[in-house]
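Trainee: Using the sequences and the hints given, assemble the complete structure.
In case you want the letters, here they are:
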Amino acid sequence: MTENHIRGIDDLGKSGIEEILALSDHFHEVSTRRIPKVPALRGKTIALLFYEDSTRTRLSFETASKRLSADSLNFSIGSSSVKKGESLRDTIETISAMGVDAIVVRHGSAGVPWMLPRWTDAAVINAGDGSHEHPTQALLDCYTIRKNLGELNGKRIAIVGDIKHSRVARSNVKAFLALGASVTLVGPKTLMPFNTDDWGVETTDQFDSVIGDSDVLYMLRMQLERQQKSFVPSLREYAKEYGLSDSRAQSMKPESLIMHPGPMNRGVEVSSNIKEHPKSVVNNQVANGVIIRMSALYYLLGAGSITKLEGFNDE
Amino acid sequence: MADLERPNTPLDGGVFHARSEIMNADGVRRALWRMSHEILEQNRGLSELVLVGLEVGGVHLAQKLAENLLEIEKQKVPVGTLDVAFYRDDIGIRQVTPSNPTDMPFDLTSRIVVLVDDVLFTGRTIRAAMDAIVDFGRPAAVQLAVMIDRGHRELPIRPDYVGKNVPTRRDELVDVTENGVLLGVMKDAKP
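The listed protein sequences derive, respectively, from chains X and Z. For the first sequence, position 38 matches number 38 in our numbering, and the numbering has no gaps at all. Each number in our numbering comes from the position in the second sequence (counting from 1) with 1000 added on.
Rather than coming from a laboratory, the hints here were simulated on the basis of the structure. Keep in mind it's a predicted model, so treat the numbers as computed, not measured. Keep in mind that the hints are not guaranteed to be accurate.
As the list claims (entries may be wrong) - Label pairs and their calculated CB-CB ranges:
no.: 1; chain 1: Z; residue 1: HIS1060; chain 2: X; residue 2: THR32; range: 21 to 31 angstroms
no.: 2; chain 1: Z; residue 1: SER1110; chain 2: X; residue 2: GLY130; range: 53 to 63 angstroms
no.: 3; chain 1: Z; residue 1: ILE1093; chain 2: X; residue 2: ARG118; range: 46 to 56 angstroms
no.: 4; chain 1: X; residue 1: ASN148; chain 2: Z; residue 2: ASP1107; range: 25 to 35 angstroms
All residues carry an ideal CB built from backbone N, CA and C; glycine is no exception.
Mentor: Shown next, in the form of structure tokens:
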């Protein structure tokens, strides 16, 4: 039974984050090869359980599994016994009985990844649980920033938008702070969580006040599906106050980055051509997503799992 | 279980205690010169030749061999580096952490690849390296150069160029640098 999981950034700590980023330099090299595949996790089975929709996260985990030569089992609720009313526990126990080494799970309820180890011996990776955490997104963002700006230590990062509902923001704040960056959360008060006092961050509702001295503007997706609760008066007003327009991008520092976890609402949190802006590393983030997920899987199933055989002897 | 030699992965704790010097700096230098000439003679020149140093211990030896070959033949030989961690057969059995990213900026198809490592022991690293090599193309031939062959092979692998054959105990450890070759053991670090 493994104690190794990536359920939240706290499962890794600074040393775990550093280890995964170091592995990513290797997998980055692998991904540039003519045959971008290594036999590292041959014989391992990885189950992908997505109770919520996803494009890039699911595809990048699947690609990562294949590039490590692991087998992946794909599970989406639309075509499974969950439709017949099977409980989470029964589903996990069923998959577990088939012999999986890792379970990648996305679920609408916060805390699901922490429940899984009760029912399975597999390593658990959180691919997003409710509004709680999304640690591999934070890791790939750290890697992207490190690749583009050298390091995170001392950098000023503004996370802008719907902080309240964002699992990306929660994981990213922890990871950015662990690596020595300072973080400012920017958004209307209605979209700011209540308990940010112990997060170790600054908060503001004045976007324009932070643009000039931020090294990274991290734009969050406006979660349109939640807008019937009227957290903002209108999307147009939100876009005007908190959207990254071309003119706002003009006043950014020379060596700074625009990031977005995707999927993007063009014309809401970013203007329609921001993805193609010279400072934008959004496509970079997607490419690094595969690399980081290779690192995360290898960290759990390769580098980190030590079950020493008696008398085992090797150079 | 005794402490083991793991030159291409971080040693998990412990301190290396040298017991004897097998070669001094001059010995290493002379062996590299001889091996350079042997590589040249065996392959009748340097065309199509590529040196690939295995991380970590083989990299500086491969670079040294390339310097020697440049001096002898006035011809540059491409040098790549290879980290075989992801190809090892003991992933999941022990901690396998890569050291430095592979750097192989050329296709190996139809080239003569000389793998360079510091110590040849069980042969499992070389097995992994050969698996890795074919992901970079289909070489015309793969040869093996090592500074120390210490025996205890577990696979049908033999070196083409050897600095020195050294009979060892399994639990001993061989340390190769340009300053010489030491034979010793790992002892637990004092708390």
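Trainee: Now tell me, hint by hint, if it's right for this structure.
Mentor: Taking the hints in turn, this is what the structure says about them:
1. Z:HIS1060 / X:THR32: 21 to 31 angstroms: With a Cβ separation near 24 angstroms, Z:HIS1060 and X:THR32 satisfy 21 to 31 angstroms, so the hint holds.
2. Z:SER1110 / X:GLY130: 53 to 63 angstroms: holds, 55 angstroms
3. Z:ILE1093 / X:ARG118: 46 to 56 angstroms: violated, 27 angstroms
4. X:ASN148 / Z:ASP1107: 25 to 35 angstroms: Between X:ASN148 and Z:ASP1107, where Cβ atoms are some 29 angstroms apart, the hint holds.
Hint violations for this structure: number 3 only, all remaining hints satisfied.
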